[in-house]
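All chains should be built: construct the whole structure from the sequences, respecting the hints.
Top to bottom, those sequences are chains Y and X. Going by my numbering, the first sequence opens with residue 1, and the numbers climb by one from there. Going by my numbering, the second sequence opens with residue 1, and the numbers climb by one from there.
Watch out, some of these pointers could steer you wrong.
In silico lysine to aspartate or glutamate, DMTMM-like type, Cα no more than 20 Å apart, as pairs [stated by the list, open to error]:
id: 1; chain 1: X; residue 1: K170; chain 2: Y; residue 2: E106
id: 2; chain 1: Y; residue 1: K170; chain 2: X; residue 2: E59
id: 3; chain 1: X; residue 1: K170; chain 2: Y; residue 2: E32
id: 4; chain 1: X; residue 1: K170; chain 2: X; residue 2: E192
id: 5; chain 1: X; residue 1: K170; chain 2: Y; residue 2: D27
id: 6; chain 1: X; residue 1: K17; chain 2: X; residue 2: D27
id: 7; chain 1: Y; residue 1: K17; chain 2: Y; residue 2: D27
id: 8; chain 1: Y; residue 1: K170; chain 2: X; residue 2: D62
id: 9; chain 1: X; residue 1: K57; chain 2: Y; residue 2: E32
id: 10; chain 1: Y; residue 1: K170; chain 2: X; residue 2: E106
id: 11; chain 1: Y; residue 1: K57; chain 2: X; residue 2: E32
Just so you know, the hints here were simulated from the structure itself, not pulled from any lab data.
Here's the letter readout for the chains.
There are 2 protein chains.
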Amino acid sequence: MQDTAAAGGRERLNRAKVLRAAVELADGGGFEALTMRRLADRLGVVPMALYKHVADKRELLDGMVDLVFAEVEVPADVDWRTAMHHRATSMRQALLRHPWAVGRMETGTPGPANLHHHNAVMRCLRRDARFPFRMAVHAYNLMDAYVYGFALQEKTLAGDIPAEAARRQKAVVDRQPSGLEDYPYLAEVVTELPKTGFTFADEFEFGLDLILDGLSRMPQQPSGTTGSGSNSPLRPSAR
Amino acid sequence: MQDTAAAGGRERLNRAKVLRAAVELADGGGFEALTMRRLADRLGVVPMALYKHVADKRELLDGMVDLVFAEVEVPADVDWRTAMHHRATSMRQALLRHPWAVGRMETGTPGPANLHHHNAVMRCLRRDARFPFRMAVHAYNLMDAYVYGFALQEKTLAGDIPAEAARRQKAVVDRQPSGLEDYPYLAEVVTELPKTGFTFADEFEFGLDLILDGLSRMPQQPSGTTGSGSNSPLRPSAR
DNA sequence: AAGCTAGGCGTACGATGTACACCTGTCAAG
DNA sequence: CTTGACAGGTGTACATCGTACGCCTAGCTT
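Okay, structure coming up:
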């Protein structure tokens, strides 16, 4: 069996090609553009041919998500705070490249890149940051929630496909005059925010730093490698 | 026109009934169970009848999301930290009741409850917490990202419909023996976490407190009503 | 030379959202 | 009381989706 072949010298399909094409398709046209039929078209093949390489659409998506995980870097040779900062921004960027993956990174059956990634993050938190087990879990959940949640916001506000947002933004504002007058604090956002040089990158950085600062203050930090904060051994205050 | 009537004494439909039934349907069977045909069935009506009350499925979903927003409380008569804590847990609980809404709260055209909610939160941050405008935006984005992201994690880990998770959990672990041996830090999570009395509620609380603590330390806080933290006027450290 | 098999093809089915035309009970206007 | 408009429920129909099932063939193994 070789790759060139079949009817007409066309190259044969394989799982990797299917997954890559699927990612490209979804990147270009959004999640709803990812259709078995369109994917088959793009590969010059009949829809049912895909099912020789993926069991069904769910499994296709699992494979695509694992490709995204493979793009996320978890550096191992730096202090934990730098590593976690890097992995967070790396994840955000991957999700910017693949908006269809937002909200789907932890659904379905995890692939090898997924497992590798989570293991690497836990290793960083346990071995490098020396968090006690339970604290490492806290930290992981907190960081993941923030990163995934931010990506979700960024996607829906900045637009899944770069057209939507403008339209939606306009639709809300155009519901004048009965619109923003009743909501002065919303009106402030609409009128003031554009003047501030708002960028999602800065916004992301702010929250990420605040979270990493908070984690740096948690107990069981090694004295040398910790971040900027003093490390008073405190849980976040009870309320 | 009265509500009883039409063919056979059956009560007439209206938008509110359609929306409520749609929410119940999605609550019970997950998002993919929400089908115009099933919804019509449940209302004892033919599918096309629904289109006299909602323009299309997108608008139906917009209306449903607004019902969820209406369930989220933003107390106005307490200090900002308490208010924000309450609104966050209130949002989390609403999303637990309506898992189909996770990741969809800010999509589509915002309804009145949505606008009211966002205005109330911004009012709390600007008027009560006295954050400078840009800081209020930072705070809002951070809290929202966390709450939405946490809800997303909780949904996919605990299961959209309460069956899934167990199956998925098992599927991963059962991929033995080539499974967890290569991932010692993941293995630790699988074996240790069940022993720790892990609950999502505690987990949520941890991150939320950390974030609110961090925000309490931000500049322009009034001296009296702030939370527990000291308020050194610092942005999160640059890195 | 024989035949096994991987992988592409064709057809077909049920489910979905919804366009369009129709039909009917209710109520306001005369 | 009659009439006509109209709000709202009905029926049919279509494009599109995922995918089950069976066939067909090229090329490798024996």
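Tested hints:
1. X:K170 <-> Y:E106: Satisfied, since the Cα-Cα distance of roughly 15 Å is no more than 20 Å.
2. Y:K170 <-> X:E59: Judged against 20 Å, a Cα distance of about 17 Å means the pair holds.
3. X:K170 <-> Y:E32: violated, 30 Å
4. X:K170 <-> X:E192: Given pair X:K170, X:E192 holds - Cα atoms ~16 Å apart, limit 20 Å.
5. X:K170 <-> Y:D27: The given pair, whose Cα atoms are some 31 Å apart, is violated under the 20 Å limit.
6. X:K17 <-> X:D27: Holds - the C-alpha atoms of X:D27 and X:K17 are around 15 Å apart, at most 20 Å.
7. Y:K17 <-> Y:D27: Since the Cα atoms of Y:K17 and Y:D27 sit roughly 15 Å apart, the hinted pair holds (cutoff 20 Å).
8. Y:K170 <-> X:D62: Within the cut-off at roughly 17 Å; holds.
9. X:K57 <-> Y:E32: At roughly 15 Å apart (the allowed maximum being 20 Å), Y:E32 and X:K57 satisfy the hint.
10. Y:K170 <-> X:E106: Given pair Y:K170, X:E106 holds - Cα atoms ~15 Å apart, limit 20 Å.
11. Y:K57 <-> X:E32: Holds - the C-alpha atoms of X:E32 and Y:K57 are around 15 Å apart, at most 20 Å.
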